[in-house]
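With the sequences and hints as input, model every part of the structure.
Top to bottom, those sequences are chains A and B. Using numbering that gives the first Met the number 0, the first residue of the first sequence is number 0, and each one after it goes up by one. Using numbering that gives the first Met the number 0, the first residue of the second sequence is number 0, and each one after it goes up by one.
Calculated from the structure, these hints are not laboratory results. Note that CB positions come from ideal geometry on N, CA and C, so glycine has one too. Any given hint could turn out to be false.
Selected chain B positions facing chain A (in silico; Cβ < 10 Å) [claimed, not checked]:
1. Ala-249
2. Tyr-250
3. His-254
4. Asp-255
5. Arg-257
6. Pro-259
7. Val-261
8. Gly-265
9. Leu-326
10. Arg-333
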Amino acid sequence: MNAAAQAVTIVMVEDDAGHARLIEKNLKRAGVFNEVRHFLDGTSALEFLVGAGRKEHRPLLVLLDLNLPDMSGFDILAKLKADPQLRAVPVIVLTTTDDEREIRRGYELGCSVYITKPVNYDTFAQAVRQLGLFLAVIQVPPGP
Amino acid sequence: MPMTKTMLGRLSVLLLAIGFAALLCTGAGLVWLVETTRNFAYGVEQTQDVRLAASHVLSRLQDAETSQRGYLLTREASYLEPYYAAEEALPRDLPDLARLIAQDGGLPAPPQQLRDLARAKMEELARTIALASSGQWEAALAMVQTDSGKASMDAIRAVVAGIEERGSRRLAARSAGLDTNGRRLLIGAGAAFVLMLGVTLGAAALALRYTRELEVAQAAVVAANGSLERRVAERTEALERASDEVQRFAYIVSHDLRAPLVNVMGFTAELEAALPPLTALLDRAAAEAPALVTPEAKAAVAEDIPEAVGFIRSSTQRMDRLINAILRLSREGRRALQPEMVSLTALMEGLGASLQHQLDAAGATLQVAPGLPVVQTDRVAAEQVFGNLLDNAVKYLDPSRPGRITVRGRVAGTQAVIEVEDNGRGIDPRDHGRIFELFRRSGRQDRPGEGIGLAHVRALARRLGGDVECRSAPGLGSTFRVTLALVAPATPPPAPEELDR
Chain A
0 MNAAAQAVTI
10 VMVEDDAGHA
20 RLIEKNLKRA
30 GVFNEVRHFL
40 DGTSALEFLV
50 GAGRKEHRPL
60 LVLLDLNLPD
70 MSGFDILAKL
80 KADPQLRAVP
90 VIVLTTTDDE
100 REIRRGYELG
110 CSVYITKPVN
120 YDTFAQAVRQ
130 LGLFLAVIQV
140 PPGP
Chain B
0 MPMTKTMLGR
10 LSVLLLAIGF
20 AALLCTGAGL
30 VWLVETTRNF
40 AYGVEQTQDV
50 RLAASHVLSR
60 LQDAETSQRG
70 YLLTREASYL
80 EPYYAAEEAL
90 PRDLPDLARL
100 IAQDGGLPAP
110 PQQLRDLARA
120 KMEELARTIA
130 LASSGQWEAA
140 LAMVQTDSGK
150 ASMDAIRAVV
160 AGIEERGSRR
170 LAARSAGLDT
180 NGRRLLIGAG
190 AAFVLMLGVT
200 LGAAALALRY
210 TRELEVAQAA
220 VVAANGSLER
230 RVAERTEALE
240 RASDEVQRFA
250 YIVSHDLRAP
260 LVNVMGFTAE
270 LEAALPPLTA
280 LLDRAAAEAP
290 ALVTPEAKAA
300 VAEDIPEAVG
310 FIRSSTQRMD
320 RLINAILRLS
330 REGRRALQPE
340 MVSLTALMEG
350 LGASLQHQLD
360 AAGATLQVAP
370 GLPVVQTDRV
380 AAEQVFGNLL
390 DNAVKYLDPS
400 RPGRITVRGR
410 VAGTQAVIEV
420 EDNGRGIDPR
430 DHGRIFELFR
440 RSGRQDRPGE
450 GIGLAHVRAL
460 ARRLGGDVEC
470 RSAPGLGSTF
480 RVTLALVAPA
490 TPPPAPEELD
500 R
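Printed below as a string of structure tokens:
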């Protein structure tokens with residue numbers, strides 16, 4: 000088991016390219032340099048996560064937006080939590096919704112963290128950076 | 000033809016009148032018959048009296064003749080007693096008979112004739128008795144033997160028989176009349192009975208028909224009510240659907256508007272983050288190669304870009320506030336109401352306590368009238384309604400006079416009416432409707448706010464089964480009158496699937 004093999008891959012499911020870019024930039028600013036796989040829709044993300052030909056036993060972390068063009072982020076969350084191998088994968092819901100019923104539903108379905116994307120950029124960057132710090136704790140630093 | 004109540008009444012009265020008239024006729028006929036019968040009985044009595052009197056006269060005359068014959072045969076004076084009795088009685092009896100016949104409606108001739116004959120007879124008897132008494136017996140007997148006595152007696156008998164016969168005829172005629180009258184009355188009574196039966200049956204038929212028509216009408220009313228209720232239910236459902244759609248629309252719009260806003264703000268921040276290196280570069284260039292630094296480039300980095308970023312930021316922040324307001328309104332509209340018993344007095348006091356700081360700062364007083372109604376309503380919504388109104392009252396006081404805010408309330412029917420009155424700056428009458436619209440404000444824009452509070456108040460008051468209205472005069476103050484249902488309608492929480500989209 001080497002460090003590179005154990006490096007956590009961040010799967011980002013986000014249909015808004017701008018949001019994806021901002022998240023990536025801020026993660027890097029926070030010192031998170033893990034590989035980020037970006038999917039613009041739910042179908043391709045599910046194909047990668049639970050579809051045929053998926054790699055076994057990869058350490059993953061999923062950053063999930065709820066408002067996707069083809070499905071609700073809750074659908075992806077439910078599929079992940081129903082999969083015996085992926086059930087333990089931390090899922091961070093990152094979305095514009097701050098409706099408390101949606102947040103409760105997210106946690107009920109098993110999301111690890113629910114983060115509301117603030118419009119105020121400072122707060123947004125702050126949130127992503129804190130997320131980065133959180134990720135830094137659970138990840139192995141990238142190899143030289 | 001449908002029968003109206005008035006028509007039924009008129010027809011019933013008409014039938015009743017007909018029946019009553021028939022009854023009256025029958026009664027009158029009966030009275031008349033009784034009277035006729037009584038007259039008849041009286042007539043019978045009179046006729047009998049006449050016959051009796053006539054036979055009496057006849058028997059007096061016969062007695063007198065018999066007495067004369069006895070005297071002539073026996074020459075005993077005692078035989079003459081009946082004669083004297085007759086002589087004494089006849090002057091009384093004959094006028095009596097004449098009077099009775101006249102009363103009975105008989106002709107005056109027969110009694111006159113009888114009187115003449117009787118007088119002649121008595122004179123004849125008197126003559127023979129006078130001859131006998133003077134001892135001329137033979138002469139007296141000879142007078143008797145002329146048979147003139149028998150002839151005069153026969154004439155008397157014929158006259159009396161005639162009187163009797165005429166009396167009997169009158170009796171028969173009366174009896175026949177009575178019989179006819181009785182038959183007529185019977186026919187009349189029968190006709191009246193038939194008429195009354197007809198009237199009764201007619202009235203019954205009328206009532207039956209009216210009842211049937213009433214039943215039909217009632218069934219129609221019930222059916223109409225049913226369809227009305229169905230229509231109301233349909234409309235209500237349609238309204239609820241429309242309201243739900245508006246809520247969803249507001250929710251989706253506000254939600255989706257935030258996503259691009261995140262980008263605008265995010266990349267604006269990126270631009271800002273790019274500024275320090277550029278500024279540093281420009282500074283270095285200014286120090287090392289001043290010729291490279293044009294005034295335009297300097298202005299762009301030092302002023303134009305920060306200014307543009309500043310405007311973008313303030314605008315997006317404002318837009319974010321507006322979107323959040325819509326989102327909050329939409330969420331408030333979707334929130335399930337949980338009615339509970341709420342004492343508005345306690346609620347106002349709580350709000351007043353939390354506003355105390357602002358009140359003190361403004362030098363204003365809040366007076367809550369005692370005895371505000373207790374309503375069954377959603378506490379949170381009611382707090383927001385009155386909290387917003389009190390906030391506004393404090394916010395828009397007139398600095399030229401000490402602020403005075405009064406809350407009072409009463410129960411009117413099924414509603415509680417609460418008035419929040421202030422002596423603040425007031426609202427232009429043109430804006431009294433507009434202030435309840437979203438993002439609309441009135442008067443000088445010298446206080447922070449987005450024009451959301453009153454829109455929120457109205458939406459909530461309506462959800463609580465009431466409404467809000469404003470009375471105000473600029474420079475004098477404003478009164479906001481809130482009505483709340485004493486028992487607010489409970490709303491079920493939205494189904495979870497509503498959140499999926």
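Status of the hint placing Pro-259(B) at chain A (closest C-beta pair under 10 Å): The hint holds - Pro-259(B) has a Cβ within 10 Å of chain A, the shortest such distance being about 8 Å.
Interface hint compliance - Ala-249(B) to chain A, C-beta minimum distance less than 10 Å: 13 Å, violated
Status of the hint placing Gly-265(B) at chain A (closest C-beta pair under 10 Å): Since the shortest Cβ distance to chain A is 4 Å, the answer is holds.
When the least beta-carbon distance from Leu-326(B) to chain A is tested against 10 Å, hint result: Hint on Leu-326(B): holds, closest Cβ of chain A at ~8 Å, below 10 Å.
Evaluation of the interface hint that places Val-261(B) against chain A, nearest CB under 10 Å: 5 Å, holds
His-254(B) as chain A interface residue, shortest Cβ-Cβ below 10 Å: Cβ of His-254(B) sits 6 Å from chain A, so the hint holds.
When the least beta-carbon distance from Arg-333(B) to chain A is tested against 10 Å, hint result: 9 Å, holds
Cut-off 10 Å, beta-carbon criterion: hint that Tyr-250(B) touches chain A: 8 Å, holds
Arg-257(B) as an interface hint toward chain A, with CB separation required under 10 Å: 4 Å, holds
Interface hint status, Asp-255(B) versus chain A (Cβ within 10 Å): The hint holds - Asp-255(B) has a Cβ within 10 Å of chain A, the shortest such distance being about 7 Å.
When each numbered hint is compared with the structure, a violation occurs for hint 1 only.
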